[in-house]
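Please build the complete structure, drawing on both the sequences and the hints.
There are 2 protein chains.
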Amino acid sequence: MSTIDWNSRFSHRMSGVKKSFIREILKVTENPSVISFAGGLPSPELFPVEEMAEAAAYVLKQNGRNALQYSTTEGFLPLREWIAARYLKRFGLVVHPDEIVITTGSQQGLDLLGKVFINPGDRLMIERPGYLGAIQAFSIYEPKFVGIESGENGVNTLDLQAALEEAPGKMLYTVPNFQNPSGSTFDRATREKTAALADKHGLLVIEDDPYGELRYRGTDLPPMRQFGAPGVLLGSFSKLVAPGLRVGWICAPREVLAKITVAKQATDLHTDIFAQRVIHRYLSTCDLDAHLTKLRSVYGERINAMHAAFQRYMPAGARCNLPEGGMFLWATLPVGTSAHALFDKAAANQVAFVPGSAFYVDNGGLNSMRLNFTNTEIPRIDEGMRRLAAAYAELA
Amino acid sequence: MSTIDWNSRFSHRMSGVKKSFIREILKVTENPSVISFAGGLPSPELFPVEEMAEAAAYVLKQNGRNALQYSTTEGFLPLREWIAARYLKRFGLVVHPDEIVITTGSQQGLDLLGKVFINPGDRLMIERPGYLGAIQAFSIYEPKFVGIESGENGVNTLDLQAALEEAPGKMLYTVPNFQNPSGSTFDRATREKTAALADKHGLLVIEDDPYGELRYRGTDLPPMRQFGAPGVLLGSFSKLVAPGLRVGWICAPREVLAKITVAKQATDLHTDIFAQRVIHRYLSTCDLDAHLTKLRSVYGERINAMHAAFQRYMPAGARCNLPEGGMFLWATLPVGTSAHALFDKAAANQVAFVPGSAFYVDNGGLNSMRLNFTNTEIPRIDEGMRRLAAAYAELA
Chain A
961 MSTIDWNSRF SHRMSGVKKS FIREILKVTE NPSVISFAGG LPSPELFPVE
1011 EMAEAAAYVL KQNGRNALQY STTEGFLPLR EWIAARYLKR FGLVVHPDEI
1061 VITTGSQQGL DLLGKVFINP GDRLMIERPG YLGAIQAFSI YEPKFVGIES
1111 GENGVNTLDL QAALEEAPGK MLYTVPNFQN PSGSTFDRAT REKTAALADK
1161 HGLLVIEDDP YGELRYRGTD LPPMRQFGAP GVLLGSFSKL VAPGLRVGWI
1211 CAPREVLAKI TVAKQATDLH TDIFAQRVIH RYLSTCDLDA HLTKLRSVYG
1261 ERINAMHAAF QRYMPAGARC NLPEGGMFLW ATLPVGTSAH ALFDKAAANQ
1311 VAFVPGSAFY VDNGGLNSMR LNFTNTEIPR IDEGMRRLAA AYAELA
Chain B
961 MSTIDWNSRF SHRMSGVKKS FIREILKVTE NPSVISFAGG LPSPELFPVE
1011 EMAEAAAYVL KQNGRNALQY STTEGFLPLR EWIAARYLKR FGLVVHPDEI
1061 VITTGSQQGL DLLGKVFINP GDRLMIERPG YLGAIQAFSI YEPKFVGIES
1111 GENGVNTLDL QAALEEAPGK MLYTVPNFQN PSGSTFDRAT REKTAALADK
1161 HGLLVIEDDP YGELRYRGTD LPPMRQFGAP GVLLGSFSKL VAPGLRVGWI
1211 CAPREVLAKI TVAKQATDLH TDIFAQRVIH RYLSTCDLDA HLTKLRSVYG
1261 ERINAMHAAF QRYMPAGARC NLPEGGMFLW ATLPVGTSAH ALFDKAAANQ
1311 VAFVPGSAFY VDNGGLNSMR LNFTNTEIPR IDEGMRRLAA AYAELA
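So the sequences go chain by chain: A and B.
All you need for this note's numbering is the position in the first sequence, starting with 1, plus 960.
All you need for this note's numbering is the position in the second sequence, starting with 1, plus 960.
Hints were generated in silico from the structure; no laboratory data involved.
Please read these numbers as outputs of a predicted model, since none were measured by experiment.
If a hint is listed, it holds; no wrong ones were tucked in.
Since the list gives no way to pick one copy over another, a pair counts as held whenever it fits inside one copy or between any two copies.
Capping the alpha-carbon separation at 30 Å, the derived lysine-lysine pairs in DSS-like fashion look like this: (1) K1104 / K1130; (2) K1305 / K987; (3) K1160 / K1130; (4) K1130 / K978.
Rendered as C-alpha cells:
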C-alpha cells in the first residue's frame, strides 16, 4: 500500500478548527495530585446514580424493545413534553413539543445550527470572551466571527449595534445565564436591548442555557425570546441530571426544526432512545427540584469558598468576579501578566486552570483565566488557591 | 416580533439535502394493518433485553459515576479493544485500539468523514444504487457524486477505472457486504481490483459494514483494506446488539483519527458513555456468537421465505435476487414499469416497500425496489407478497 499524505486530503473547513487547548490541559490534570480548576465537570458524587439505575431497570423491563430499537429523529415525545412544561413553569413560556428536538448533548445543537444556518463568510456575532465549544462547532462551517464585548451584565449592546450597522449579521450566539467562561449574566435591560436589535436587524439569537437552573443567588430572568428576539433556545440535561448520556435539546420555530431534523437525520439518525427514556423516567419519578436544591447548596458553598480564597491568597492586582450561578469564576491578572505563563508555573505547582485567551476568537484575554469550582471540595479549593498564589509569586 | 422568512436564512449546503423518502413512507407504515417491507429495522423480539438490563444494572452499580460523567471523545477504551480483537479474530486484521473511535452510530461516522474530507465539488464515487443515509450525510458537504455501476459482485471496476481516469476522485463509499439497498457483496476479484485502483489513484475507500456478521450462506471475505486499499472501516453495534443506543465506530489510520477526533469533539463531545459501557458489559459477559447464530437462523429463514414468495406470486417479468446476508432483497420490475406507481397501488393494498430510485444520485432505478425481510414474520411475508402481486396486477 502506498503511503498516503493524509494532510493533503483533509477538507479546507477543518483547517480553521483548533484542537481544544482544554484537551491539552487534561494531560496536566490526569495526575491526581494536581488540583484542577481547569475542567467544566459537574461533581460526580452528586449524580443520582441509584435513581438512574432504577429508571434504567424500569425502562428495559417495561419498554425494552422500544428502548433498543431505532426511533424517531425528533426524539422521545414524553421527554419533549416535559421540556415544554418546564419552560412554561419556569418562565410562562408557551412552547409546543413540536418546537423541540432532542439532540446528542447541546453540543450537537451547535453543530446542527452551524449546518443549517452558516454559509462560509456569514457574520456570526459571539460574546467576547465566548464559549469555546461553540467556537469549535461553528468554525467547521467557516463563518466570520465578530466578537462583541461582554461584561458583567452580558453583551455590550452598543458594540452589538455598531457591529450590526457595519454589516448584516446572520446570528448572535450567547450563553445568557452564568456564561462559560465569564460567569456573567445578561441583565434585563441587556436582554431587552439585544432582543430589540435582533428584531430590527433580523438577527437570529441563539440562547444556549446549560447552567440556567444552577443559580446560587438573585432571580431568574426570562429568555430573550420572551422579549421578542427571533431565536433558538438550547438546553441540556448534562448539568441537571448527568452529562455522560449526552441528551440535550433545541427549541425553535417549526420551520427551523423541519430543517434541523433533516440535518440531524443525516448526522446521527437520532439520539440514543434508551438514554432519552431513562432520563424521562428519572424526571417522572424523582424530585428534580429537590435534586437541584442539593446541587445549588453544594455548588453555592464552593463558589463562595473559591471567591473568598482568591481574595485571601491572590495579590491585590488580581481580581475575580462572583457570578450568581453556573460553574465558573472569571479572573483577571494585572495587564501585561500572561495567564499562559502563569499556567506553566501553576502546573509545576500542581494546580491547573484555563487561560482566558482560549475563549477569544481574536487573541484577546491574555491576562484572564477561567476557574471551575463545581468539581473540587472546599479544602482542596483552598489548597489549590494557595498553590496558584505561590505560582503567581514565582512569576512576579 | 417580526415574522422571519426562515427559508432565506438557511445555508446553501442544506438545499441539496433531500428529506428521506423513507420518512414519508413511514406515514403509510404507521397503520398497523399495513405489512411493511419498507423499513430497515432489525427484529425487536430478538433484542437481548434481559442481558442488556443486567449489563445496565452492573455498570451503574460498579461504575455509576464514571458512566454518567463526561468522557473522552475517542470512546471507552475496553470497547475499542473489543472491536480490535474482533477484527483480528474475523479477518486476521491487526488494528490497534488507537485506530478506533467510537461514534454515535455509524451514521455519525459518515458525517465526520464528510466534515473531515469533503470540499465542495470533490468527486465522491458511490455505488449505483447506493446507501441513502450516506448520500444524505455526504450531501451536506456538497461533493460531486459520481455513480459507479454496481451489480451482483459489487462495483463494476471498469466503470470505476473509467471514472478515475476521467478525473481524480476523493473517495469511494461502499457497503461491500450485503449492500443496502441491493444486497450485493463484493467478490474477491472486485475487492482486489478496487483496492489496486484505489492504491494507484490515491482514492480513499470507505468500507461501511453494518451487516457483515449477518451472513446466511457463503463465506466471509476480508475488507479491501487487507488487499491494500487506503481506507476507513465503519462498523456498528446496531445490527449485532441493538440500534437504539447509537453506538458505532470508525477504524482508520491515526492521522485520520486525530482529525476525526477534533471534528467529533466539535460535533457532540463524545458518544453516550453509559451506552458504550453497557454494550461493552454485554459483549464481555454474554455469548455474542450464540446470539448471532440465532439472528442468522431467524433472518435466514425469512430471506428464503421472501424470495420464495416473490417467485411464487409475482409475475415472470419481475425478478428479485437472493443475497448471501444482510437485511434486504432487491427486485426489478419490467423496464418501463414505475416502482413509484406500484408503491401507490401497494399502499392502497396495505403493503409497503421502498422504490429503488431513492438510492440513486442520478434518477436511475425507476423500475427497482428494496424489500426488507428482517422485521416481518413468515406468514406476514407471504401475505404481504400476495398483496404486492395484487397491486402489480392492478397496475398492469
